[in-house]
Amino acid sequence: MQRHLISAADLTRDDAVLILDTAEEMARVADRPIKKLPTLRGRTVVNLFFEDSTRTRISFEAAEKRLSADVINFTAKGSSVSKGESLKDTAQTLEAMGVDAVVIRHGASGAPYRLATSGWIDAHVINAGDGTHQHPTQALLDAFTMRRRLVGRDAGIGRDLDGRRITIVGDVLHSRVARSNVDLLHTLGAEVTLVAPPTLVPVGVETWPCEVSYDLDAVLPKSDAVMMLRVQRERMNAAFFPTEREYSRRYGLDGDRMARMPEHAIVMHPGPMVRGMEITAEVADSDRCTVVEQVANGVSIRMAVLYLLLGGNEPAVTHTRPPVAHHPSDERSAHTPFTAEEK
Amino acid sequence: MDRQQDTSTSDARPVLEGPDIARVLTRIAHEIVERAKGADDVVLLGIPTRGVFLARRLAAKLEEITERKIPVGSLDITMYRDDLRMHPPRALARTEIPGDGLDGRLVVLVDDVLFSGRTIRAALDALNDIGRPRAVQLAVLVDRGHRELPIRADYVGKNLPTSLRETVKVQLAEEDGRDTVLLGAKQTPQ
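These protein sequence lines are chains A and B, in that order.
Going letter by letter, the first sequence gives residues 4 to 346 in our numbering.
Going letter by letter, the second sequence gives residues 25 to 214 in our numbering.
Hints in this document: simulated from the structure, not taken from any laboratory.
Treat the hints loosely; a few may be bogus.
To be verified - Anything over 12 Å on all C-beta distances counts as not near chain B; from chain A, calculated:
hint: 1; residue: Ala-26
hint: 2; residue: Glu-28
hint: 3; residue: Lys-39
hint: 4; residue: Asp-92
hint: 5; residue: Asp-157
hint: 6; residue: Tyr-310
hint: 7; residue: Asn-316
Stated by the list, open to error - To spell it out: a stretch of chain A is covered by chain B in this simulated footprint if at least three of its residues, at any positions, have a beta carbon under 8 Å from a beta carbon of chain B; those stretches are:
hint: 8; stretch: 40-52
hint: 9; stretch: 261-273
Every residue gets a Cβ at the ideal spot worked out from N, C-alpha and C, and that includes glycine.
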């Protein structure tokens, strides 16, 4: 992991497993009467949301507050952005306030990358979804949910998803969730198959590390997890499929289709679900559907990412720039458990 | 510099060997029973990594003495350390609180070496967030001195006067393949 979390493709296998393992410990905090850790006391995190997303914002906010960070919520609506202020000006305002991290959601693909690399701001940048590009914490929480269900909560520690077969169904074209998941799941050793109407498969998909199929029924019996994507009505600006009913018949998940999946296989959905369209109520309410777990896991994953990026004087793993030189007696290996010397 | 390499030099000498460590733990177990008047409500919490192994061994000895099951868990204090910002973030270790919780219990924290006292300070903070024990006591295998905080152990396996130029390294069979406490000279970084 680098200084920022912009794309799931930037994570190495070790980084991803470290985040999942850390999230497993963070999840234990959620089971305690006092769900709070002092770790980020005195650090300021801004949730910079140029696009509406209550679910992701409150998930980040919960994670930040559980780590005792000071949280500032900034939504574009009603702010200077609606008066025409640019991303650069907003960033410089935040820099002047001494912000330590920016969680950014933006409608334009690449906005978080621009913010992280432009030199406008020194804070850590965490991508909370940009256009149709990436949503790395969503991919991490999905991988976390899969590891818990398919490998086991304790048995999963230190493990990846080697050999698991994951099917992602629906509007791949507009989905940053699909893109992020393909990258991360491939890194973690899983085999990913995308299933979508041909019109909703992005150009250049053959370069992605996954298979593509147009036949859901053929793929289901070989899947360990089936991830249904939301059909994004707001992005359906062309005739991608004839009717909702036809989409639903060919690519929707109902009880009959679920019965064709292996017994251990789970059904996932990033939410919000459009019941009756991509998923029937019967499937959405079944024990195999992990939507509610995914929400809870989202907080643990975001706590882990915030801790690993902000918890120390430099990020936990894989530096892209040389570490800052400091006094030799301060040097310590990042992952050794503390030794007698530090007691 | 990895601290674990400090004592890998030939000048590290053992100050406690396997049988000594077993004997010391037996004595501490008896002291706990004596002071807690039977250890009815004792919960042992080891501080990762080696404190957890010591806590498990102590629990086994307490069970022999009292013929009762002694709850044992682990308490990771990483998130409560006061030097978090001075180093890269560490991987977290496991916190496991026994099923009945800590409220009203006598919690004995177990660690391998007591040095500055900052780890124990962090552990007390962590305990605060988890429950309200009746009392908290501290058992350590080695007390090497040089406290930076007003903290003292209730049960000490061995008092080991050291200089700050020395290192103390505890090795336990569960993690390192053998039981020993090594005293060595700190290597100055090149």
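Against the structure, the hints:
1. Ala-26: The assertion about A/Ala-26 is violated, with a minimum of 10 Å to chain B.
2. Glu-28: violated (4 Å)
3. Lys-39: Violated, since 7 Å does not exceed 12 Å.
4. Asp-92: holds (30 Å)
5. Asp-157: violated (9 Å)
6. Tyr-310: violated (6 Å)
7. Asn-316: With a cut-off of 12 Å, A/Asn-316 comes too close to chain B, as the shortest Cβ separation is near 6 Å.
8. 40-52: holds (count 3)
9. 261-273: violated (count 0)
Hints 1, 2, 3, 5, 6, 7, 9 from the list above are not met by this structure, while the remaining hints are.
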